[in-house]
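Let's have the full structure, built from the sequences with the hints guiding it.
Chains as they are written, first to last, in the numbering used here: chain A, 1 to 128; chain B, 129 to 489.
Hints were generated in silico from the structure; no laboratory data involved. Take these hints with a grain of salt, some might be off.
[As the list claims (entries may be wrong)] Lysine-lysine pairs mimicking DSBU-like chemistry, simulated, CA-CA at most 35 Å apart:
| id | chain 1 | residue 1 | chain 2 | residue 2 |
| --- | --- | --- | --- | --- |
| 1 | B | Lys473 | B | Lys489 |
| 2 | B | Lys284 | B | Lys208 |
| 3 | B | Lys389 | B | Lys208 |
| 4 | B | Lys389 | A | Lys62 |
| 5 | B | Lys389 | B | Lys486 |
| 6 | B | Lys473 | A | Lys111 |
| 7 | A | Lys101 | B | Lys448 |
| 8 | B | Lys486 | B | Lys448 |
| 9 | B | Lys489 | A | Lys62 |
| 10 | A | Lys62 | B | Lys284 |
| 11 | B | Lys473 | A | Lys101 |
| 12 | B | Lys284 | B | Lys448 |
| 13 | B | Lys473 | B | Lys448 |
| 14 | B | Lys473 | A | Lys62 |
| 15 | B | Lys489 | B | Lys448 |
| 16 | B | Lys486 | A | Lys62 |
| 17 | B | Lys486 | B | Lys284 |
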Amino acid sequence: MYPSEYLYSREHEWVRVEDDICVLGITEFAQQELGEVVFVELPEVGQVFDTNDEIGTIESVKAVAEVFTPVAGEILEINEAVTDDPELLNEDPHGEGWLLKVRFSSAADLKALMNAEQYEEFVKSGDA
Amino acid sequence: MGSENLERTPLYACHVDLGARLVDFAGWEMPVQYAGVIEEHRAVRTAAGLFDVSHMGEVRVRGAGAESFLQRLTPNDVSKLVPGRAHYSGLLTDQGTYVDDLLIYRLAADDFLVVVNASNAPRDFEWIASRANGEAEVTNECDRWALIALQGPKAKEILEPLAPGASAIRYYGFQQGTVDGRPALISRTGYTGEDGFELYVDPEHAAPLWRRLIDAGASPAGLGARDTLRLEAAMALYGHEIDETTTPWEAGLDWVVKLDKGDFAGRDALVAQKAAGVPRRLVGFEVEGRGIARQGHAVLSGGAPVGAVTSGTWSPTFEKALGLAYVPPELAAPGTPLTLDVRGKALAARVVATPFYKRAK
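Structure, rendered in C-alpha cells:
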C-alpha cells in the first residue's frame, strides 16, 4: 500500500527524495479521510519555508486539511495537474497526485520521518 | 471516539453491509457517506437516493384541545391543517427565537404528529409536554417510528409499484397506507429540493423496506449528501441558520409566521422586532475567489466583522463554493459584493438570490 521508497510524516504527507529535491504528496490514508477533494491551494514557485510550515490547503466537500512541509526548503515546482483536477489526489495520491517539489536545505529533516513500515503501524495504531 | 455510547437506528446493519462510513451525529451512529458525497448528491438530483433519518424525533399530541394547544405553541396556523396535510413550523422562545424547526402532521381532527430534529428531540419533547397543562395528551414517539426518505426525480416511479396511489399525494400531503405490504405513513415531503417521500414505518419493518427500495433502484445516501442537497435548496439547518439567537424574520422564514391567527409563543417579540427593524438578514452567496467558506467564517465590511457564514460548502451541482450567511440589512441585496474571512485570508463573494437550486417542475 505505501511505497517502500517513500518517507512519511505524522501529518500524512509522503516524501520521495531525488538527490537534493523532495517530491511531496499526501497519503492514501489522508485522501480517504478527506473524501472527494474539490479544491487545492498550493504555494508559489520560489517561496521558501521552514520545517513544518503550513504551505497549502486541501479541501473536500466536508473538510479542510492544511498541508505542512516536512522539509525546509524552496518550492521548485507545483503540480498544475492537481490544481486543475483535484480528484487526482483521490485517484492516485502516491503517483499522479503529487503536490510539489522542494529543494530541501537540511538532510536532518528527513531523519524525523517514518519509513513505510512505521507509517503503516502509525495509521493502524489509531493515533493517526 | 466511544461508539459504545452512540445510539443506532434499526438500519444500522444495512449501513454496515453497504460499507458506509459511520460518524457520531447528535449521539447517533449514522452514515455520512457510502459511495461518496458527490456521487450520492448527484444520484439524488438525477435519479433517487435513500436516506436513513430514523434518528429524528416524533412527539404525538392528541385530544380535543390538541389543535388549540399547538396553535398557541407554534407560529404557523394549525387551524388551516386538515387531516392528511402537514406544515413546516417551529418552537419559539418568548423572545421569538428558535428552539427547533419541525413538521406538524395532522392525522385526524384531534391527533397530530410533530417531527423534530434528532439533535433537539429530548429537549423538544420536554418543551411540548411541560406546556400542555392538561390541554392535550403529549407522548414521546421517538422509538415508535423509523423514517426513510426516498428523494429524487425517480422517487415516484420507484415507490408507486410498492405503494399504489403514492404518486398522487400532493406536496406536503400524506397518506396512511402501506409500502410493500407494510403499514406506513407516506408523506410527500423532503429536505433535498427534489420530489420525494418520507416513509414513517414500524422499526421492525425498516430494514426489509430499506433493502426493497435499494433493490428497486434507490442509491443509499448519507448525511454528507443530505447537507449539500439541502444547502443548494437553501433549507435551514438547526444550529446553523436557526438557533436560539435567531428569529424567523432574520432567517427569511416570514412565511412560517401567521401573526393574524391569534397569540402564540414569541408573537409579542416578533411584532416588536418587525417594528424596530430586523437587525440582520440571512442571504445566499457564491464565492468568487479561490476557496470554500464555511460555518463561522466572518463577513467583513471595512475590515471589521459584521456577520458570519452559517453554512458553506462546495456545491456538486454548480461546482462552486456557495453558502448562507447573516449580514446587516444594507448588504442583503442580491449582487452585493461580500468579503469573507476564511482562516485569515480575505475571500471575495457575492450575494445571490436563493434557493440556489430549484428543481424542474
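Going down the list of hints, with the structure as the test:
{"no.": "1", "hint": "Lys473(B) <-> Lys489(B)", "result": "40 Å, violated"}
{"no.": "2", "hint": "Lys284(B) <-> Lys208(B)", "result": "27 Å, holds"}
{"no.": "3", "hint": "Lys389(B) <-> Lys208(B)", "result": "10 Å, holds"}
{"no.": "4", "hint": "Lys389(B) <-> Lys62(A)", "result": "41 Å, violated"}
{"no.": "5", "hint": "Lys389(B) <-> Lys486(B)", "result": "30 Å, holds"}
{"no.": "6", "hint": "Lys473(B) <-> Lys111(A)", "result": "33 Å, holds"}
{"no.": "7", "hint": "Lys101(A) <-> Lys448(B)", "result": "28 Å, holds"}
{"no.": "8", "hint": "Lys486(B) <-> Lys448(B)", "result": "16 Å, holds"}
{"no.": "9", "hint": "Lys489(B) <-> Lys62(A)", "result": "30 Å, holds"}
{"no.": "10", "hint": "Lys62(A) <-> Lys284(B)", "result": "30 Å, holds"}
{"no.": "11", "hint": "Lys473(B) <-> Lys101(A)", "result": "25 Å, holds"}
{"no.": "12", "hint": "Lys284(B) <-> Lys448(B)", "result": "30 Å, holds"}
{"no.": "13", "hint": "Lys473(B) <-> Lys448(B)", "result": "18 Å, holds"}
{"no.": "14", "hint": "Lys473(B) <-> Lys62(A)", "result": "19 Å, holds"}
{"no.": "15", "hint": "Lys489(B) <-> Lys448(B)", "result": "24 Å, holds"}
{"no.": "16", "hint": "Lys486(B) <-> Lys62(A)", "result": "22 Å, holds"}
{"no.": "17", "hint": "Lys486(B) <-> Lys284(B)", "result": "18 Å, holds"}
Checked against the numbered hints given earlier, the structure breaks hints 1, 4 and satisfies all the rest.
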